[in-house]
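When you get a sec, could you build the whole thing from the sequences and use the hints?
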Amino acid sequence: MPYVIAGPCIDVMDRSCMDECPVDCIYEGARKLYISPVECIDCGACEPACPVEAISQDRALEPDQELHLADNEAFFTTVLPGRDEPLGDPGGGSALGPVGADTELVSRLDAPA
Amino acid sequence: MSIDYSEKIPNNVDLAGDRKLQRALESWQPNFLTWWKTMGPAIPTEDVYLRTAVDVGREGWAHFDHVAMEEYRWGVFLAERNSDRRIAFGEQKGEPAWQQVPGEYRADLQRLIVIQGDTEPASVEQQRRLGETAPSLYDLRNLFQVNVEEGRHLWAMVYLLHAYFGRNGREEAEALLHRNSGDLDSPRILGAFNEETPDWLSFFMFTYFTDRDGKYQLGTLKESAFDPLSRTCEFMLKEEAHHMFVGTTGVDRVVQRAAELMREHDTEDIAPHGGIPLDVIQKYVNFHYSVSLDLFGSEQSTNAANYFTAGLKGRWQEERRKDDHVLTEDAADIDVVKDGQLATEQVPALMALNHDLRTEYVADCRGGMKRWNRILEQNGIDFRLFLPHVGFNRDVGLFGPHHITPKGDVVSSEVWEANRGRWLPTEADKTHVRSLMRPVYEPGKIAGWIAPPSKGINEKPFEYEYVHFP
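Protein chains in written order, with the numbering used here: chain S, 1 to 113; chain C, 1001 to 1470.
What the hints contain is simulated information worked out from the structure, not anything from laboratory work.
All figures in this text were calculated on a predicted structure; none of them were measured in a lab.
The beta-carbon is built from N, C-alpha and C at its ideal position, and this holds for glycine as well.
There may be inaccurate statements among the hints.
What follows is a set of in silico ranges between Cβ atoms, one per label pair, in the way DEER data are often shown [what the hints assert, rightly or not]:
no., chain 1, residue 1, chain 2, residue 2, range
1, S, 82, C, 1438, 48 to 54 angstroms
2, S, 112, C, 1321, 34 to 40 angstroms
3, C, 1166, S, 64, 45 to 51 angstroms
4, C, 1187, S, 67, 48 to 54 angstroms
5, S, 86, C, 1401, 47 to 53 angstroms
6, C, 1019, S, 63, 52 to 58 angstroms
7, C, 1408, S, 53, 32 to 38 angstroms
Derived lysine to any residue pairs resembling SDA-like cross-links, with alpha carbons at most 25 angstroms apart [claimed, not checked]:
no., chain 1, residue 1, chain 2, residue 2
8, C, 1455, S, 24
9, C, 1037, C, 1439
10, C, 1322, S, 57
11, C, 1370, S, 65
12, C, 1455, S, 65
13, C, 1460, S, 96
14, C, 1407, C, 1386
15, C, 1338, C, 1256
16, C, 1322, S, 61
17, C, 1445, S, 49
18, C, 1455, S, 85
19, C, 1455, S, 88
20, C, 1093, S, 51
21, C, 1322, S, 49
22, C, 1037, C, 1175
23, C, 1460, C, 1256
24, C, 1322, S, 66
25, C, 1460, S, 90
26, C, 1430, C, 1385
27, C, 1460, S, 94
28, C, 1460, S, 85
29, C, 1407, C, 1369
30, C, 1455, C, 1338
31, C, 1430, C, 1043
32, C, 1455, S, 99
33, C, 1455, C, 1469
34, C, 1460, S, 57
35, C, 1322, C, 1338
36, C, 1460, S, 97
37, C, 1455, C, 1430
38, C, 1445, C, 1427
39, C, 1445, S, 90
40, C, 1445, C, 1198
Below you can see the structure in the form of structure tokens.
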């Protein structure tokens, strides 16, 4: 799995990364952004755009952020609150617009200090 | 500062404030345009829907419009300057980044810039004739976008040579236009950039594997203590992302179409049905991956150690690494061939920096395999693509003198030659792929060997008229 958005994005959601992504694979939850692991092409354009260094390659995640690897995937494969089915591969974050919900993990995490 | 498009050469480096440099670059510009006309895209077009950089900041940087290609505004764009930036590694770690070239590193820095610069026009030359066989207008537009941005990357390196390396730099800038890909007398510097890109599968493989090498090489130069080089490479990486998009999704679509044809005709041999068989795709992976691995240089390298210690070239994601960034006390394991067997050997970490970068690259490439195999899985196809062993088909580095199979067995030259056609594209494979390369220029139509993209460019539909012909 490729690039991952981790905890520092929670309640920040700067969205600069969304402008950089050439395949529009970054999606907007309620409190955090998520990268579709299926759509990401591993180009790395998003990583330097993030002002809070929330984005890493999967293999470079800090140990305390590794839970976001599975959680980014869960955003697309589990049924989010208020929805009837998983997002799946929606084909573009800006095209889809704000999803307005988060994974269970992000919903219960505090914003980074 | 923002980009000044009123100037003859668009730039955000205040060229107008340095008349000597401005004149030097303005005298190089006609030579560049002559090179573009003679060595750039061969097929004539009226205009192309292209992205042009309009800013380097965080508030959006690209503008899309139909542009006559020879009127594309190639320019000099550096990422925004951080005036507090400090050197992140090597023996000068913690000192302010350099705004000028220190005399003792002049030759090495110039060499690094020339080698990077040489790759940029090379790929344009390699891809010169591809437009004649584009599978769709969408793909033709993507090819041209890659080409104009490689041309801009040449501008980026030429600016550095002119601005910081005096007469030697200007001579090297001229030479970048005189070497040509595959030229017997005056070839490009690196091997992969003298290989042919004779068909679109090669193009997609090149933009996946070789441009991905570019991501990693630029990533190490972005760490450089020489701040103008760092800022140049940072902005180039933004543009390089599009090239990787073209490669990744291009191979996606070839694999997807192969799977569809296999299902439709219930056979792996889809060549008679106008597809590219998966075993041929695997051979193209083997070739492009292995020649791209050569671009990382020898696994053990004194040059790489010296560049790092001096602060010229860092590691991938240097500032995120959790070590002392000096590495004089560290060790690393590298792959070697010992007594005819693959083995690992511990060497000083400083000597293994090319190996370190290559390891990062290989991890990225595994992602590509996973992605393409997911497409096969979704189509109910059992075949799986894989990366060959890092020692397979290598000319450069510790594996160069040995013959290693894709599975990682060390074999004799006789065994290698006897099996070469199973592992690398044969003339028959290439002839078949070439036979499929027929232009499709009607908006919304696509060649039969590749699936259409899931969406168009910049929210335009696939059917959009991305290219107009005279």
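Status of each hint after checking the structure:
1. 82/S x 1438/C: 48 to 54 angstroms: Check passed, 49 angstroms falls within 48 to 54 angstroms.
2. 112/S x 1321/C: 34 to 40 angstroms: 21 angstroms, violated
3. 1166/C x 64/S: 45 to 51 angstroms: 50 angstroms, holds
4. 1187/C x 67/S: 48 to 54 angstroms: 50 angstroms, holds
5. 86/S x 1401/C: 47 to 53 angstroms: 52 angstroms, holds
6. 1019/C x 63/S: 52 to 58 angstroms: 54 angstroms, holds
7. 1408/C x 53/S: 32 to 38 angstroms: 37 angstroms, holds
8. 1455/C x 24/S: Measuring from Cα to Cα gives roughly 10 angstroms; hence the hint holds.
9. 1037/C x 1439/C: Since the Cα atoms of residue 1037/C and residue 1439/C sit roughly 21 angstroms apart, the hinted pair holds (cutoff 25 angstroms).
10. 1322/C x 57/S: Given that 25 angstroms is the threshold and the Cα spacing comes to 15 angstroms, the pair holds.
11. 1370/C x 65/S: 23 angstroms, holds
12. 1455/C x 65/S: 33 angstroms, violated
13. 1460/C x 96/S: 15 angstroms, holds
14. 1407/C x 1386/C: With Cα atoms ~10 angstroms apart, residue 1407/C and residue 1386/C stay inside 25 angstroms; holds.
15. 1338/C x 1256/C: 41 angstroms, violated
16. 1322/C x 61/S: 12 angstroms, holds
17. 1445/C x 49/S: Violated, because 36 angstroms separates the two Cα atoms, which is more than 25 angstroms.
18. 1455/C x 85/S: 23 angstroms, holds
19. 1455/C x 88/S: With a Cα-Cα distance of about 16 angstroms, the restraint between residue 1455/C and residue 88/S holds, given a limit of 25 angstroms.
20. 1093/C x 51/S: The given pair, whose Cα atoms are some 23 angstroms apart, holds under the 25 angstroms limit.
21. 1322/C x 49/S: 21 angstroms, holds
22. 1037/C x 1175/C: The hint holds at about 17 angstroms.
23. 1460/C x 1256/C: The given pair, whose Cα atoms are some 22 angstroms apart, holds under the 25 angstroms limit.
24. 1322/C x 66/S: 16 angstroms, holds
25. 1460/C x 90/S: Judged against 25 angstroms, a Cα distance of about 17 angstroms means the pair holds.
26. 1430/C x 1385/C: 19 angstroms, holds
27. 1460/C x 94/S: Given pair residue 1460/C, residue 94/S holds - Cα atoms ~14 angstroms apart, limit 25 angstroms.
28. 1460/C x 85/S: Violated: residue 1460/C and residue 85/S sit about 28 angstroms apart, past 25 angstroms.
29. 1407/C x 1369/C: 15 angstroms, holds
30. 1455/C x 1338/C: Violated, because 50 angstroms separates the two Cα atoms, which is more than 25 angstroms.
31. 1430/C x 1043/C: With a Cα-Cα distance of about 22 angstroms, the restraint between residue 1430/C and residue 1043/C holds, given a limit of 25 angstroms.
32. 1455/C x 99/S: Within the cut-off at roughly 20 angstroms; holds.
33. 1455/C x 1469/C: Since the Cα atoms of residue 1455/C and residue 1469/C sit roughly 23 angstroms apart, the hinted pair holds (cutoff 25 angstroms).
34. 1460/C x 57/S: Measuring from Cα to Cα gives roughly 30 angstroms; hence the hint is violated.
35. 1322/C x 1338/C: 32 angstroms, violated
36. 1460/C x 97/S: 17 angstroms, holds
37. 1455/C x 1430/C: 29 angstroms, violated
38. 1445/C x 1427/C: Roughly 29 angstroms separates the two Cα atoms, so the pair is violated.
39. 1445/C x 90/S: 24 angstroms, holds
40. 1445/C x 1198/C: Satisfied, since the Cα-Cα distance of roughly 22 angstroms is no more than 25 angstroms.
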